[in-house]
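One line per chain: the protein sequences are A and B, in this order.
Using the numbering used here, the first residue of the first sequence is number 855, and each one after it goes up by one.
Using the numbering used here, the first residue of the second sequence is number 12, and each one after it goes up by one.
These aren't lab readings, by the way, just hints derived from the structure by calculation.
Glycine residues also receive a C-beta, built at the ideal position from the N, C-alpha and C atoms.
One or more of the hints may lead you astray.
Examples of chain B residues toward chain A, derived with CB under 7 Å [claimed, not checked]:
hint, residue
1, Val52
2, Ala102
3, Leu109
4, Pro112
5, Trp113
6, Ala123
7, Val126
8, Ser174
9, Leu191
Each pair of labels, with its calculated beta carbon distance range [as the list claims (entries may be wrong)]:
hint, chain 1, residue 1, chain 2, residue 2, range
10, B, Ser159, A, Gln936, 23 to 33 Å
11, A, Trp1007, B, Glu262, 45 to 55 Å
12, A, Asp992, B, Glu262, 30 to 40 Å
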Amino acid sequence: MIAALLLLALLGGWEAYARLGGVEEIVLPAPSAVLAALYDDRALLWSNFTVTAGEIALGMLAALALGLACAVAIHFSSALRQALYPLLIGSQTIPIVLVAPLLVAWWGFGLVPKLAIVALVCFFPIVVPTLDALERVDADLRKLMRTFGASRWQTFRMVEAPAALPGLLTGAKLSVAVAAIAAVLAELAGSDSGLGNLMLKAIPQFETARAFAAVLVLSVFAVALFGLLALAERRLVPWAHQPRGTAP
Amino acid sequence: MLTRIRAPEPARAEAGTELGAVPLRDVRKTFAPVRRRADPVTALDAVSLHAAPGEIVAVVGPSGCGKTTLLELICGLLEPDAGTVQAAPAALMAQRDLLLPWRSAVDNAALALRVAGVGREQARAQAADLLHDFGLGGFGRARPHELSGGMRQRVAFARTLLSGRPVLCLDEPFAALDALTRQDMQDWLAGALAVAPRTVVLVTHDVEEAIVLADRVVVLSPRPGRVVATLDVDVPRPRRRTDPRLVALRERALRELRR
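In isolation and in its complexed conformation, chain A is listed as follows (with noise of 0.2 Å):
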């Protein structure tokens, strides 16, 4: 209730300013201009939409698997947390708009860049929390699993592995967001179609409400996906968010 008063007055506000602040229509739309956008484009927008779409949903895919497969490896070896972990962060300062043109060159337009861009970005945050919820189990549960005579592997599947499974959720919903805006970032690097060739595209053309329409449409997308992922985390793992006594 109060978020959608809050979205109206920014509406609002943004609208009264687009009109009457004396802002050339080129460089900021009125919400209402984005709306027509909106509306006349809406062909163009959802051709791009899909392939846009395709790229953050494959490329999240991509680094849910890495990053599972990573965290994994790091947790039962110490010797590849040493060399992985630091390689791991590494990977998180590199500029993607300096990497996003060298990988349109090795693999051309196609989805592979994107794809290969998305993953990275999203890769770090899959991981950590990951990792964390892996370490975070609890020891005694682990000395438990040894009085049964259980072995490492039954360990990590009866105990470690749904234990880990709320951090690998978390994980997926904080890069919803970054896989966005690298999807955009890796097709204005090199593409022929997607929301950010759209938007390319739409600037010197002077159709910045469709460019406003495109980001409109992008926001939507990231927000369902998150709330899909907060109702697959409900679904999957209810225990993580109930009252838990002295249970692990």
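Starting from the structure of chain A, add chain B where the hints point.
For chain B alone, coordinates are given in the frame of chain A:
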């Protein structure tokens, strides 16, 4: 040396007939200092303890006398620095129930069976039977957070029993419960062990709990833990807390503890 049995036979686990002894002789355990330049900590020194098959031995002592270390030695989680531990395979039950929040009561109780390779359905059936015996018949599908503290401890005890280990190591199993529930659980445990006898080493700081439950009470000194007294509780079961013989033994144990 410790002998470990990898997979308990489910049938044996259920019948609970296989019993094992726990002989400890002159055991010493020292831990490296937490900080550099601090002295190493000797948790146990020259501790000998013997639990005959089917016997319930309680170990009481002040905080920090190495009670938990003693159990971890028996369970094979630690190796002694000196002396010998020749315990039969033992299962540990801690003060915290350590139930897995994503497993139902039945699946939690069946955990050790699943580790031993028993099939899901068979393990569940065995666990459900035992939970039923423990008065938790209607709670098999409940998650741990839906159960009371006493119920959770009973699930944890079912899990410990179903591990099929001939020796049970109970580490202050009821310390986290309120006084009334604790007394109920002590009576309940006495009943459960009368039905399914096991060799039990029970560590507690509750002298009354030790006297009510055990055949023998071993009193440890403050760190480093040494055996300062051994009291035989020659009172037939079922026992009443107000039994004058138990009251007298409790006074004696408390005197030994304060010495």
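Verification of the hints:
no.: 1; hint: Val52; result: violated, 18 Å
no.: 2; hint: Ala102; result: holds, 5 Å
no.: 3; hint: Leu109; result: holds, 6 Å
no.: 4; hint: Pro112; result: holds, 4 Å
no.: 5; hint: Trp113; result: holds, 5 Å
no.: 6; hint: Ala123; result: holds, 4 Å
no.: 7; hint: Val126; result: holds, 5 Å
no.: 8; hint: Ser174; result: holds, 5 Å
no.: 9; hint: Leu191; result: violated, 18 Å
no.: 10; hint: B:Ser159 with A:Gln936: 23 to 33 Å; result: violated, 45 Å
no.: 11; hint: A:Trp1007 with B:Glu262: 45 to 55 Å; result: holds, 52 Å
no.: 12; hint: A:Asp992 with B:Glu262: 30 to 40 Å; result: holds, 38 Å
When the structure is compared with the earlier hints, violations turn up for hints 1, 9 and 10 and for no others.
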